[in-house]
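So the protein sequences, as listed, match chains A and B.
Take 1 as the starting number for the first sequence in UniProt numbering and just add one per residue.
Take 1 as the starting number for the second sequence in UniProt numbering and just add one per residue.
Any given hint could be a false lead.
Only pairs whose alpha carbons sit at most 25 Å apart, straight line, appear in this in silico DMTMM-like list of lysine to aspartate or glutamate [stated by the list, open to error]:
# : chain 1 : residue 1 : chain 2 : residue 2
1 : A       : Lys137    : B       : Glu52
2 : A       : Lys78     : B       : Glu22
3 : A       : Lys268    : A       : Glu298
Listed below are several chain B residues computed to face chain A (Cβ distance under 8 Å; list not exhaustive) [claimed, not checked]:
# : residue
4 : Glu22
5 : Met33
6 : Tyr39
7 : Ser41
8 : Phe56
Everything labelled a hint here was simulated from the structure, so no lab data went into it.
Backbone N, C-alpha and C fix where the C-beta goes; we use that ideal spot for every residue, glycine too.
Given next are the chains, with one letter for each unit.
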Amino acid sequence: MAMDDKRGYRSGLVDLRAGEVSREIFVNEHIYAEEQERIFARAWLHVGHESQIPKPGDYFVSSMGEESVILCRDRAGKIHVFLNSCRHRGMKVCRYDQGTTAVFTCPYHGWSYGTDGRLVGVPYFREAYHSRLDKEKWGLVEVAQMHNYKGSIWATWDPAAPGFTEYLGDFTRYLDLQLDGWDGREGQAEVLGGIQKWLVPCNWKFPAENFSGDTYHNISHRSVDLAGIGPSGAGRRDMGERDVSRKLHVCIPDRGHQTIHYVLPAGKSPPPAYLNAPIVAEYVRHCEEERRRLRGEEARLVGAPGEIFPNTALLSRQPRTMAVWHPRSPHQTECWRWFFVDRDAPTEVKHFLRDYYIRYSGPAGMTEQDDMENWNYAHAASRGTIARRYPYNYDQGSGTAVTNYEYQGLRVPGEVIDLTETQSSEQPMRNFYRRWAEFMEADDWSRLATWRGGERKAAE
Amino acid sequence: MSAINVRDLAPGTSIVLADGAEAEIVTNPGDGMWLFARYLSSPRDPTLVGQEEMIFAPDVVALGR
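So that you can see chain B by itself, here it is in the shape it has in the complex (with noise of 0.2 Å):
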């Protein structure tokens, strides 16, 4: 799989992570290195859905839906 460049992703933008989470961007600062997100779902810790984080770039797996 080839690595996602975040600095093309647009807020709204769906993304998958590597623990199989899925969050939608909200701001990206355009560092290549940081997006800021809000969970869709968490698998690994549900508490996360709803929450804004930082998701490090190469956390990024794939596009969401």
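Here chain A stands alone, though its shape is the one from the complex (with noise of 0.2 Å):
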């Protein structure tokens, strides 16, 4: 497995045969500029949430990979989102990161842009262009296919990518349980306050697998676990529904998605949450009963942490957040959090999940801190000449999924990996690790579409 810092990618790296994964994959620079053309200029991104731009003229300056984008809704009330770059000579035309604007005006050179992207304003345009420059042509740059998705935005950078629904796969009915009510009503959810951001010293990768499923790091939480941060007083969170529930991780295998995944018994409710705050705990016991009434057999799913093929982490019950990784170098990700409750729940409840998924999640949440500390000092042992040489293991688990896995006449679509049973697997870090390697190794979706019929090699 050791290669020669000078190469980039090569296949091999990622053998999923031998459960082992290079560790140039997480500190090579060629590596990392090849992942920035090949899975972040082509993959579906999460980008922002409409409920952060309500009105007219209201923007959100996000990230899609390495490159700085504005989420912007236009005069018209249409959602947009563009290359943060001025035509003229690339300057950032927003330098905030949220606000209300008419115009995105470039302070280099003054070329202005209207909230739907045309240029509408250069300076001496008539003098010094004698009116001849086409602005039309020289608008802001805008991502080639936009989705809004229950109100999450995602874009991506390339026209011959499928359609958002169909990148997800079988994966949707995980996001729906981030982005629906808790009382099972669709797209309820909003962002609660600003979006947590920070950077951590380790390769996008390491967040990203950690929350594709990784249990087997839960003995890192066991101080946080001691210290009772939860809702009930204990632990972290509170435990109730996943004890009585099979345990599962679940991956959709052309799709480089995966989560940890919770399935209720037949006809069993969620036993009682959030004991230290009786509002919060009767609007939860409320919004189950409903969601049992609206969803039937369905309300027995129990989202847990999961993970967006490339970059965008899950997690729809305690706390109720997602993350971006944005890369910014081999050896540093810039994390953003998103916090979500539902839109019309109770001010008192707002506030509660507030305090408690801050305490949670986020750069100051405790459970958080243990997972940075992890990811820092793993990238950190790993970059050395001779560090690099010796591969990481993922064989846990290697060649025990199943696929049509059914529990208590539930099925649940994918590679499912029965936790219940096993403890642990790493089944869903292959998983990730498998369709990166197709992005890294595919030239074009009709090797990337494997759900179509193409084939499948990379990796394995």
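Each chain sits in its own coordinate frame; assemble them with the hints.
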């Protein structure tokens, strides 16, 4: 697995038959540069949420890979995602995190763009350009495709990429758990407060694989469990619904998405939760009742940490949050974390959840601090000339996943490992790196859209 | 003549432009560089009168009537 640092990606760095992944894919600068082209310029990426830009002229500056982008709502109310770079000399046309504007004006030479991306102001247009500059041609660069999925905004630079719901495949139900109301109504989520942003000195794939479903590292959070930050005064979260449920790893093999997942027994309601806050406990109890009424058997699905390939993490229950792992260099990741609540939840419920969420997640969250420490030191200890000769081990539970899994009449699509039986597996990480290798090797979507009948050979 | 800080100008304010035209501010995006204004007069190009255009800050040389 050793390789010359001057070389980039090559087949074999992800070897799933052997259950090995080379450290080079985390620390090699050439591979990192290739990822920007082959993954972040082609995959669907999470940009933001429509509740962040409710009115015409509202904008939120986000990232797609290394690129700064503007998520905005134009004067007609239409949502756009633009590259945040002036077409004249490349200066950022928006240097604020968020706000409301009529135009995006480049501070360098003054080119100005409407919120629909059109170039509307060019200094000395008549005198210096003799009115001949084609303004229609020189508007802000817009993403090739954008999709509003239940309020969450996703985009890709690749016009050939499949549509977003096709890209998600059978993973839609897990994103639904994030974005639908806890009472089962569609698309009820809104962003709670601001976005937490911070830098971690590690490769972006460390948090991505962690949120793919690494239950093996639970021991890292032992101190948080002992501190008892959970909303019922014990542990780090309420465990009642998990303790009575079937615990699964679910992987969507053609897509590279994966998650931990709980399935309640048939006819079983989740045990009481949020016991330190009676108003929240009652709200959740009411929501669960409504969800069973609206969704029937589907209400037995309980969300947990998951990852949409390549860099968006989900967690739909405690805490209810999404994160994006923005690559900044092979050795640095900018983490962005959104917190969600049902938009018509009582104010007291929102306040309680906000306090609990930030106690758990984000740069000051106790559990996320544990994770960051692991990613930081694992990355640093993998950069050396000697260290990078030795691959990581991803062999746990290899070859034991099943398809067409069913639990008490509820079928779960994808490759499934029953963690209630096996305690732990690394199937989600293998699924993630298999897809990563496919993106690094395939030149076009005819080979990436393997569910359309294309061949699969990367990494295995 | 000292430069006019266009950020301070409210909609409805009349401005005189370098080519002698006069215009009334419709919207001020507040970026310090541009104003949306409607032409009240334009000796150089009378067809501009009544039209709304973006006016670049250095072109604003005085306040109007």
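Checking against the hints above, which ones are violated?
Structure breaks hints 2, 4, 6 and 7.
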